[in-house]
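Let the sequences and hints guide you as you build the complete structure.
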Amino acid sequence: MSDRGGRGGRGGGGRDRGRPGGGYSDRGGRGGGYGDRGGRGGGDRGRGGYRGDGGGRGGGFRGGRGRGRPRDTTTGLAFNVNGSFPPPDPVVKDLEDRVVKAQATLAAGLAAQMGKAANKGLALEAKSTDIFPMRPAFGSDGREVVLWTNYFRVHVKPAVLYKYTVEFVQVGTEGGSEKPDQPGKSKTSKPTSKEVKGRKLYMAVRELLTMLAAADKSLVLATEYKSQLVSLQKLELAENPVKVRLPVELGVDKVDILEATIHGPTEAPLDHLLRYASTMSDASDDGIFPKHPDVVDALNVILGHGPRSRLHAISAVGSARFFPFGKGESVTDLYQDFHQLIAARGFFQSTRLGTGRLLLNANVTHGVFRASGRLSDLFDKFQIQPTHAFNAQAVRKLKAFAKFLPKTRVWVDMTLSNGKEVRRTKAIHGLVSQKEWSRQRPAEGKPLKFIGDFEYPGPKQVQFWLDDGKSPGRYITVFDYFKMKYKRTLREYPLVNLGRSDKPTLVPPEVIEIQPGQSVKARLTMNETTAMLDVACRSPYSNALSISTDGRKTLGLDEPGLNRFGVSLDKNLLTVQGRILNVPIISYLGKDQRRTDVGPINGSWNMRGIRVVKPGFMIERWTYLNIMKRSDSPIIEVSTMKNFARFLGTMGIKIKETPVTLGDGRTFTSWERAMSDGLENFFDWAKNNRMQYIILILTEKDSQGLYPKIKSLGDCAYGIHTTIVTSKHLLKPNNFMYYANVGLKINLKAGGVNHKLREDIGLLKDGKTMIAGYDVTHPTNMPAAAVGTREAPSLVGLVASIDQDLAQWPASSWEQHAKQEMLSGQLVDAFGTRLELWQKHNKGQFPDNIVIFRDGVSEGQFVQVLEQELPLIREACRLKYPAKSGGPKLTIVVSVKRHQTRFFPTSADSMSDSGNVMNGTVVDRGVTQARYWDFFLTAHHALKGTARPAHYTVILDEIFRAKFKANAANEIERLTHQLCYLYGRATKAVSICPPAYYADIVCERARAHRPEIFDVSDTDSVSTGTGKSIVASRQVHENLKNTMYYI
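Count the sequence shown with the UniProt record's numbering and you get residues 1 to 1047, in order.
Calculated lysine-lysine pairs in the DSS-like style (CA-CA distance at most 25 angstroms, straight line):
hint, residue 1, residue 2
1, 226, 407
2, 487, 470
3, 420, 483
4, 420, 485
5, 449, 470
6, 614, 768
7, 553, 571
8, 768, 843
9, 157, 234
10, 407, 435
11, 701, 399
12, 521, 197
13, 234, 217
14, 843, 614
Cβ pair distances, simulated, as ranges:
hint, residue 1, residue 2, range
15, 732, 864, 46 to 52 angstroms
16, 383, 620, 52 to 58 angstroms
17, 549, 767, 51 to 57 angstroms
18, 668, 759, 46 to 52 angstroms
Simulated from the structure, these hints should not be mistaken for laboratory data. A quick note: this is a predicted structure, and the numbers were derived from the prediction, not measured. Heads up, the beta-carbon is just placed ideally off N, CA and C, and yes, glycines get one too.
This is how it looks when you write it as structure tokens:
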């Protein structure tokens, strides 16, 4: 069971994390995008700089059909039940305290035994109490508050559940003719057995349940309509496999013959689960994590059975997301970039173990779906018409529109040979394309003929061979055929193919209706992402209210079917105890070069009148280039760039005031030339003239692959730092906030320190602790054409601090096998290079302690991190440290942002101005297991939407408990919280600590270095020019590899 609610995608082209797989749960996330774009996401990404109150995205949403999103007026409201809120359950609190107290006693005893053994010289295994360490205590720092959380308590009776798995294969077909006036002779065909999947699998499971219930009316069954059955009784099967007869939806009297093989059962005793929840002790094996996954999975099947059974009312996406359509739907048209997509609001649910109780985590989620309704209406809305091949702009528009048509399920209104009107389910192959047809040979019959040079022809431009036996065979247009056969005059729309490329079925869109609830897994465009996130941006009050009302209905939490399993849920959301941690003080330099302290307000601060703590290297030779989209685009002149450099000087950044320009004085090139070979030529000139830094100025946001080309050339091919800015920000008078934001990035890339904490964090005071972070990003929603025959790799990003300042985090990145989360042997060498950098900056000494933040793995993978990755890290240390040193002490903390836990304020004194919990809010009890050491931290101030806390779990600890004893929980929470104030390119706290955050950005930059794989658009390929190959240059250049090139 994952606590992340499905990781989902990380953005199809490498630009957007958290795509449909994980859903768009709220706006208050980390943001997204590549390092230099200024952060597209809301919440905490922040633009930092002079005033430090940037972040958030604003508008960009265009609604349609009157279903646009109204302004949210609930921001300042605190959720309540009948005007109040209940206190956290005192019974649970008492149990939590007793469990932790018992663990502390046990840990002290084990420590004493190990100490005696060590004194006697006995060899000790690294056992341990260090792996999945018991929670040493609950945190106590900060001001206590009571918060709502998006969990319902689950009550179950101590029954035994029986789990079965089912496999279906199709073994034959029986049936006759589609023509009612010609009775068909019974026929049976026995094709080769084939797998059953998709909608047919759903129908097959439903038919199997009906058969089992008919055979034994006492059975209580649940399923996820794929491969699992959960029963309260053991099944007594008369035969196995079970023969299932499934009507063929497209036929009249045809049925598919399926065989269902039922395996099992596996027992899932609920009393074992309840016993563990009430004691937090597992006598069988305390090292197993997560606990009782089979039982929890069985409960998820039971709780998901109800909404999954409502096939035509609820669309189930993935393992835990449910979207209502029709009555109760909440949908908004996206309709960006000629894509007929909509955003739908639904609900996530997942069973979780808490201390003393079972919990159901329920949350609002948003997904992307195909627009439903009559296809001709969509054609009208997008002004779709038959398109000539020579009209390139119209062809591109139609290609974009057609992108999401293939495999779309539709209803088709048909007339049988006896005149009977019927509605059949079909799947769209695509729009009829003359170019596509010209490359195909028909499977049978005569080929289509086309009239005129139409790329996407209409009914008057396509002829097919008609041989109806009533008259000589002849070619006839689709238009004339419908007029003759059905007395129907077709309009001028492109035709739709409901058959195959080599055996088309030509159908006009007037008789096609797209079925609702069809989710889309594809990378969204920048405009779609903006619109989607704006739809998902809802206040905490709105989300809590939706979960408590519409969510319960959609998820069927009050349906009688649950009672048959002995399952019931409390009516109201839970409350938990939280604490608001103290905010650290930030230090800069004043104009007199003395330390100047700044106190953050709402998690942010400003730099007015102060300087960075330490400048990077002197940037003596730098240049810039305008890249113009249009000939009338504004050009940034040298005088503006001199003003910019002069401002950076006031920030304490070392940069020469006057940029170097090309010999002929030109400071601009066209977008087209840049995408050809213009950039390569410019970088050649920059290298030959010893440029240290290049600023590229775009006239608008990049949406056509220029960004990855710039970064590939700068980071990999030439080894020159680059920063991308937009001209409108430079032209805006006195735009010092933007100047400062860019300046912070420049100083970090130059090796500087932007800001520090006034007081060193306890563990870091002696300067002997290194902090590292690493992450893996996987290819998701990739168009096949973008990859060709090569499967896109997964990418690893690793960062580590180099000194006590925690300002510089040089990075390493590399490829590994696609969709492989666990790191392989390359981690040994990469981690070794981080140790060498620390040694270089710390007088030849290696760190005594290393705290590692492992980003993004699910609970089910925690053991794999310890079994597969920890040995590689220890090996890297063994190879670098002197043999007699014993190596460093390690602590590994898993940081997860893509989970579904949310907290809502209960009153104004615990509420931010956006209606969220206050920045610095930490929760370590109520929705956690007291046995394990984890906590939720909302370090940032979410400007809008519902803040998403980061979830941290300590899976290895050799440092904090030994050094801080009973105060270890407070220390690790304080360290994590204060690290969030050290994100170097923003003047605000961020939502996840910088080691994990930076590692994520390194992965995104690695995607940018591979544009031929990750950044190919729907209709265009990436042009790399004729100069230096950016495909061949994926490794970061030697000049930059020990810098923060990625920021």
